[in-house]
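Whole structure, please, built from the sequences with the hints as guidance.
As given, the protein sequences belong to chains C and L, one line each in that order.
Take 1 as the starting number for the first sequence in the working numbering and just add one per residue.
Take 1 as the starting number for the second sequence in the working numbering and just add one per residue.
Bear in mind the hints are in silico, worked out from the structure with no lab data behind them.
Owing to the predicted nature of the structure, the values given are computational and were not obtained by experimental measurement.
Treat the hints with care, since some could be wrong.
Beyond 12 Å from chain C on every Cβ pair, some chain L residues (computed) [as the list claims (entries may be wrong)]:
1. Leu-75
2. Thr-106
3. Thr-138
4. Ala-142
5. Leu-152
6. Asp-164
7. Val-173
8. Val-197
9. Leu-200
10. Pro-209
Under 10 Å between C-beta atoms, here's a sample of chain C residues computed to sit facing chain L [as the list claims (entries may be wrong)]:
11. Phe-57
12. Glu-108
13. Leu-126
14. Gly-144
15. Gly-148
16. Val-219
17. Val-224
18. Ala-228
19. Val-257
20. Tyr-261
21. Pro-263
22. Gly-267
23. Val-270
24. Leu-280
25. Leu-283
26. Val-284
Beta-carbon label-pair distances, calculated as ranges [said to hold, decoys possible]:
27. C:Gln-183 x L:Gly-78: 31 to 37 Å
28. L:Ile-154 x C:Ser-152: 39 to 45 Å
29. L:Leu-241 x C:Pro-191: 40 to 46 Å
30. C:Pro-182 x L:Gly-58: 50 to 56 Å
31. C:Ala-27 x L:Leu-139: 50 to 56 Å
Beta carbons are placed, not taken as given, at the ideal position from N, Cα and C, and that holds for glycine.
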Amino acid sequence: MMLAADVTSPTFSWNLVADFQDMWSYAFMVNAFRAGLVVSVVCALVGWFMVLRRQTFAGHTLSVAAFPGASLAVLVGFSTSLGYFGFCVAAALVIGLLGRKGRADGAEESAVTGTVQAFALACGYLFISLYKGLLEGPTALLFGSFLGITTSQVTVLAVVGAAVLAVLAVIGRPLLFASVDPQVAAGRGVPVQALNMLFLVLLGAATAEASQITGTLLVFALMVIPAATANQLTARPGLSLLLSVALGLGACWAGLVAAYYQPYPLGFFVTGFAFAGYVLAHLVRRGREALERSRERGPLHVGPLSVGPGGAA
Amino acid sequence: MMSVLSQDFFQNALLAGTFIALACGLVGYFLVLRAQMFTGDALSHVAFTGAMAALAGGYDLRLGLFAATIGVGLLLGGLGRRGKPDDVVIGSVFAWILGLGAFFLTVYTTSRSGSGQGGAGTSVLFGSIFGLHGNQTTLAVAIAGAICVLILLIGRPLLFATLDEAVAAARGVPVRVLGLGFLVLVGACAAEATQAVGSLLLLGLLAAPAGAAIRLTDRPFRALALSAGLAVGEMWGGLLLSAALPKLPPSFTIMAAASAVYALTFLVRPRRAIAPDGGVNVKVP
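Dropping the structure here:
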């Protein structure tokens, strides 16, 4: 946003080598690309499971908890990373405890989630309005800005990201099983409830990471859209996961490049590119279906999200 | 404190807030009962983008609010309630819509030579109930009043269609038209409430009083009245608290009152209204 004024309006020359050399001569750009790499990989992987488990509303509410966390950190004066992670993981624990009572699709459950979400945002607003210092406004916290990412923040992101991925790698297989068929999984002795809790904490950590890039309101762009896009294109879990990572990384880096040259918020570009990919994948799937139907090969069509247990085995 | 209460801005806020809370309480009850809270969440995002688009284009902010929320409400209703898979679609689309809102916000703030206009985005996101003028208040009261009257008119058949869709359809209740009309009302209510508590917080005003009412009674019409009453009470409580402690913004105090009342119902209330499966048990009248 302030870029156009700070740097003398860089222009894209289509000479990619020179462009990237130019871009990476700024430390904040290098940090932004590094942070984008960590965040989009973690988000794509965790988000893929979130989509599979139909926990989008919970994911959204967790992402909102990042806002009061960050604004309280600014108000009180401790590290914003701590604020992001502390609030998101705490919110994950709260939702995990509430979720144990009933099913996530119950009417009461959604009222609880909605109230938690609105109250978290209201607290964030309170902290922002109590803080009357040199804050560039809540806009950067809400919609993301790559100008403020420091090297130490990138280190924190990488460490937390590695931890999240390590835990996910360990619980990946039972989690997939528990997500696809909870009852059979429970019958076979998979600790479904504990996995659910652990996954919510991972989700909280991942949303906390992504919030620092896209802002708390646009976390969905890196969590949901790559996974939803990948699921449009393939029904095989492994391939879908890889595709999801590639799409997330692509949207994030393309967004960074675009936001470097244009004076609009980073979050707008990341959501825009990710959503364009989603629409394209939707069209590709539609076309493929039409082709199959015209060949009359029977009901081969696999729905956008139907990762069957056969694929998981 | 007394001097604040007699000020024009406070009386405007009280009047408009009462009617907005009434509308939110009524609409929110059905929203919770129909488990369409995620749709309400989505419409709140649309409200922000609509308002920002109108401002960037140089129109009245309210025009954008109502056009966008009612339009998308109709769209969602037209696409049909296809159950859970739509969650992912809604999530993907609304991440993008919110990103678009951020874009319009920047267009707006930079096109009006920057300084001083940055507050517009914040006031749409978090509301500015103490900033209402006389004629804005009259309009807010009229629109919120109309929403209340309409929801009461369709209340009975809507309740029937919500609790048992198949039977209602068989008895000749126009289930689909009702669902569509209801989403239009949710859209109008979201647009109206955005001016009071902001697009990000209106979800709380829709969810918290209704959630509390459902915990306190399992008789539908009593719960509907209770939801509206609680919403109005929480609005008054929030406004008074904000008047007493000017450091706290009114949107925060209203949301704090609503959340506190909801949290209290978890402590006080025996678990009568909760069915064994965690769903809501409502007696059919």
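Non-interface claim for L:Leu-200, where every Cβ of chain C lies beyond 12 Å: Check fails; 5 Å does not lie beyond 12 Å.
Answer holds if the nearest beta-carbon of chain L is closer than 10 Å to that of C:Pro-263; otherwise answer violated. Holds, because the Cβ-Cβ distance from C:Pro-263 to chain L comes to roughly 7 Å (cut-off 10 Å).
CB-CB spacing for L:Gly-78 and C:Gln-183 relative to the 31 to 37 Å hint: Hint holds: Cβ distance 35 Å, inside 31 to 37 Å.
Tell me if C:Val-224 is really an interface residue toward chain L, meaning its C-beta lies closer than 10 Å to one of theirs. With a minimum Cβ separation of about 4 Å from chain L (threshold 10 Å), the hint on C:Val-224 holds.
Restraint satisfaction for C:Phe-57 [CB to CB of chain L, less than 10 Å]: holds (5 Å)
Taking the closest Cβ pair, is C:Glu-108 under 10 Å from chain L? holds (6 Å)
Using the Cβ atoms, figure out if C:Pro-182 sits within 50 to 56 Å of L:Gly-58. Cβ of C:Pro-182 to Cβ of L:Gly-58: about 53 Å, so the range 50 to 56 Å holds.
Status of the given 40 to 46 Å range, CB of C:Pro-191 versus CB of L:Leu-241: holds (45 Å)
Hint check for C:Ser-152 and L:Ile-154 - Cβ pair distance inside 39 to 45 Å: violated (57 Å)
Restraint satisfaction for C:Gly-148 [CB to CB of chain L, less than 10 Å]: violated (16 Å)
Are C:Gly-267 and chain L close enough, Cβ to Cβ, to be under 10 Å, as the hint says? With a closest approach of 5 Å, the C:Gly-267 hint holds.
A closest beta-carbon separation below 10 Å is what the hint needs, so does C:Val-219 meet it against chain L? Cβ of C:Val-219 sits 8 Å from chain L, so the hint holds.
The earlier numbered hints that this structure contradicts are 2, 8, 9, 10, 15, 19, 20, 24, 25, 26 and 28.
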